[in-house]
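Put chains B and C on the given structure of chain A with help from the hints.
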Amino acid sequence: MKNQKINGGRICSRCIYNSEIVNIQFDDDGVCNYCRQIEELTNLYGTGQEKGKNQWMRIVNKIKLAGKGKKYDCIVGVSGGTDSSYMIYLALEYGLRPLAVHYDDTWNSSIASENIRKVLEDTGVDLFTIVMDNKESDDIFRAFFKAGVPEMGTPTDLALAETLYRAAAKFGLKYVLEGHSFITEGISPVGKNYFDGKYIKSIHSLYGEKKMVTYPLMNFTSFMKWLLWSRIKKVRPYWYLNYSKEDAQKFLEKKCGWRYYGGHHLENRLVAFSMSVYLPQKFGLDYRNLTLSAKCRTGAISQQEALEQFNSPPHIERGLVAYFKKRLQLSDEMYEHIMQSKPKYWYGFPTYKKRFEYLRPLFKILASANLVPMSFYLKYCFPVEVNDDSDN
Amino acid sequence: MIAIIDYGTGNVASIQNMLNYLGLDSIITNDHTKIKRASKIILPGVGTFDKGMQNLHKLNLINILDKEVVRYEKPILGICLGMQLLGHGSEEGIEQGFGWIDMYSKRFSANQHKVPHMGWNTTYTRLINPLIEENEQKFYFVHSYYAETFKSELVFLKSNYGIEFASGVINRNIFGVQFHPEKSHKYGMLFLSKFGSM
Amino acid sequence: MYEKRIIPTLLLNDGSLVKTTRFKKPVHVGDPCNTVRIFNEIGVDEILLLDIGKRKQNKMGPDFTLLKDIAAEAFIPMAYGGGIQDLNDASTIFRIGFEKIVLNTLALNNPQIIQEFSAEFGSQAVMVSIDYKTSFFGHKKIFNPYANDIKCTLREYADCLVEAGAGELLITNVDREGTWLGLDIAEELADIPVPVIYSGGVKGAQDAEMNLLRTDVDAIGVGNTVVFQKRNCGVLINFPFKSYIHA
Chain A
1 MKNQKINGGR
11 ICSRCIYNSE
21 IVNIQFDDDG
31 VCNYCRQIEE
41 LTNLYGTGQE
51 KGKNQWMRIV
61 NKIKLAGKGK
71 KYDCIVGVSG
81 GTDSSYMIYL
91 ALEYGLRPLA
101 VHYDDTWNSS
111 IASENIRKVL
121 EDTGVDLFTI
131 VMDNKESDDI
141 FRAFFKAGVP
151 EMGTPTDLAL
161 AETLYRAAAK
171 FGLKYVLEGH
181 SFITEGISPV
191 GKNYFDGKYI
201 KSIHSLYGEK
211 KMVTYPLMNF
221 TSFMKWLLWS
231 RIKKVRPYWY
241 LNYSKEDAQK
251 FLEKKCGWRY
261 YGGHHLENRL
271 VAFSMSVYLP
281 QKFGLDYRNL
291 TLSAKCRTGA
301 ISQQEALEQF
311 NSPPHIERGL
321 VAYFKKRLQL
331 SDEMYEHIMQ
341 SKPKYWYGFP
351 TYKKRFEYLR
361 PLFKILASAN
371 LVPMSFYLKY
381 CFPVEVNDDS
391 DN
Chain B
1 MIAIIDYGTG
11 NVASIQNMLN
21 YLGLDSIITN
31 DHTKIKRASK
41 IILPGVGTFD
51 KGMQNLHKLN
61 LINILDKEVV
71 RYEKPILGIC
81 LGMQLLGHGS
91 EEGIEQGFGW
101 IDMYSKRFSA
111 NQHKVPHMGW
121 NTTYTRLINP
131 LIEENEQKFY
141 FVHSYYAETF
151 KSELVFLKSN
161 YGIEFASGVI
171 NRNIFGVQFH
181 PEKSHKYGML
191 FLSKFGSM
Chain C
1 MYEKRIIPTL
11 LLNDGSLVKT
21 TRFKKPVHVG
31 DPCNTVRIFN
41 EIGVDEILLL
51 DIGKRKQNKM
61 GPDFTLLKDI
71 AAEAFIPMAY
81 GGGIQDLNDA
91 STIFRIGFEK
101 IVLNTLALNN
111 PQIIQEFSAE
121 FGSQAVMVSI
131 DYKTSFFGHK
141 KIFNPYANDI
151 KCTLREYADC
161 LVEAGAGELL
171 ITNVDREGTW
181 LGLDIAEELA
191 DIPVPVIYSG
201 GVKGAQDAEM
211 NLLRTDVDAI
221 GVGNTVVFQK
231 RNCGVLINFP
241 FKSYIHA
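If you read the sequences in order, they're chains A, B and C. The opening residue of the first sequence carries number 1 in my numbering; numbering runs sequentially from there. The opening residue of the second sequence carries number 1 in my numbering; numbering runs sequentially from there. The opening residue of the third sequence carries number 1 in my numbering; numbering runs sequentially from there.
Worth flagging that the hints you see were computed from the coordinates, not collected in a lab. Just so you know, not all the hints are guaranteed correct.
[Claimed, not checked] Listed next, the stretches of chain C that the computed footprint assigns to chain B, with coverage defined by at least 3 CB atoms under 8 angstroms from CB atoms of chain B:
hint	region
1	3-14
2	23-31
3	83-96
4	108-122
5	190-200
[Claimed, not checked] Chain A residues, not near chain C, derived (Cβ > 12 angstroms throughout):
hint	residue
6	Asp-138
7	Ser-302
8	Pro-383
Glycine included, C-beta positions come from ideal geometry on N, C-alpha and C.
Bound conformation, chain A alone:
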């Protein structure tokens, strides 16, 4: 099923999600349930209000207490992007002593790594990195590409999550600050897109060629270990505080010469390929609707502007496709063949999804205790209806 670009289906009156989005509903005001969900979360967390600030201050104090006598008191995952770069300054502003943590899948652009350097040089914050073996990294990406599933960028997402936990455990820390903001990013609807450790392992065992050695895989056991045994909490400050991406970017540029990379997550080349080429061309998926919808909701751009941007083709860095083929050692024929072949989707492969649904009551408790984000609970623990027109 493809996202319709032109005013084919019904569009939310507030953002640009349309009737093609999975599980979407519109209320009497024409506002979609995703917008309403964000409203609910804003109320629940008191985002940008006194309530949110107070909640955040309580968390800050807990972090400081837990980190007493240690070299650092919290982890901040950094990618060179806006949210994580700003997070470093935010953490320092509240008197925290963060350790910056980066997961390097060997596909960073220079903007990403130079941004990390500039922010950390300016603030004096230390960096901890897990770097993948490049050949192993490429094998995993190649496996996903050959499998023909949309989630090619997700091995990096999951590896980052695992890296943050490992770093926290290594330095005896209990708190990880994450830069996610449901206001600036929205909640991504579950549909044809999904990931967990078992899914990655399945794809790799079917289509990979190298052994998985340096890849920080988060399997179910390690996930539970971090949550229940190590009790490492993931906190999302932007859920409590006022946060504007545009303001953050201006601040960073002025403060340390940080540079904008042109789009969500485009600082990583593999993700850029996935978002600008792979997903739109093979699956008709364009996830710019997430950030553009978020910008609509905050009033940063008008709905008209958002639709215009969404309907124009994504920017593709010169030489990106050639670089992708070169890294993954794909001939032109192989590349075309895979791009043209029928897509496959996650529900045709072994995953933990059913297990998460079965354990919903447990995850509800964990979400309330801030051990998993509420967005995780909402996304993973409820069944999803999928129209299976795939090739699985």
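Same frame as chain A, but now just chains B and C:
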């Protein structure tokens, strides 16, 4: 189509790489037909003067290049050793060069600076020309010999390395640069794109 | 104006980039194509790529396919060393996109061979790398476990190479390499008539820049500084030298 002359010396891949990036069609060749069909020529060069000329002789490229450049006035760009071959000869060897530009290559003396001249250096534009607009530019140099000429109308770029020397020479359709534009990042890209769109 | 150079020195091992400490304990730092691509985007002076795996793999030449892929990422000068056996190897290296070759073991076993390379390709294309250790009493001894033992001093060997036609020398203090303890500038090489690149132990950006102000230093090779965020911290491909970029 730009013909990058393949005579067994020179960083042909890098030149083609940059031309590809700039969207300019090129072919690495020593085939007469392909050279005739090309609209412009690049003569690269890494190595010694004599080896360069000898290879050109061995591959029967002297006459064809002479014809294409002198008679048909096809634009040609000599790079590094390629530039030196455009002159009469060099202290480095005994072979004769093409002689299209009245110049002779000499070795840098080791008195003031180390030889080879290796690294980024500035060029100063001395004549109006189609390849460089700016008064000053930076390029990467790696050479032990430089071209000496007494005709200022042949020098469109000058640089300094202990002495002032010609970093860019020009004679109608014939251009030569001592530096490596294909390895001079954005400056080189600007330069080659001007050559390509000339 | 002629500019001195700061040169990222990247170590290749079995298709991955690594970083050693005192030439031992390689740790993985990244992908060679991506790393060169990053430095190219930043616009560094030039890049030195050394394949350290070749020393152990007897008689195995350079991995030309991989090197071609790497060279294609650079619109800046690149030098390559590691496993170059003969003129053919060198010729192929130039053809696929490198400006200079770096010889070490080959030169130690027969310094006169440099003459062949420089006669064929010009001395400006031939760099010779000399690694050395310092004894307790401060004597410098040339170090290469894969080459024949060489009896002469560092200066004598350097002179011999220059006479044979080497156009540039790379001098590395093995004991300092990867340690952040600071560069060791071999003063006996002060008036060598060809450019000399010093490497091994740079403490950070400031240390490199200070050393480059010395008249006897033409260029500095940096390793740790460009692949780690700072001492005892994580991997980060970076270039903290504002005045040495061309982008």
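Here is what the structure says about each hint:
With 3 residues carrying a beta carbon less than 8 angstroms from a beta carbon of chain B, the region 3-14 of chain C meets the three-residue requirement, and the given coverage holds. Here's how the region 23-31 of chain C fares: 0 of its residues keep a CB closer than 8 angstroms to some CB of chain B, so the rule of at least three is not met and the hint is violated. Closer than 8 angstroms: that is the beta-carbon criterion, and the region 83-96 of chain C has 4 residues meeting it against chain B, so the requirement of 3 holds. As drawn, the region 108-122 of chain C meets chain B at 4 residues by the rule of a beta-carbon pair under 8 angstroms; at three or more, the given contact holds.
Under the rule that three or more residues need a Cβ within less than 8 angstroms of chain B, the assignment of the region 190-200 of chain C holds, with 4 such residues. In this structure A/Asp-138 is not separated from chain C by more than 12 angstroms, as the shortest Cβ-Cβ distance comes to only about 8 angstroms. Taking the minimum C-beta to C-beta distance to chain C, about 34 angstroms, the non-interface status of A/Ser-302 holds against the 12 angstroms cut. With a least beta-carbon separation of about 40 angstroms from chain C, A/Pro-383 lies farther than 12 angstroms from that chain, consistent with its non-interface assignment.
The structure fails to meet hints 2 and 6 from the earlier list, while all remaining hints are met.
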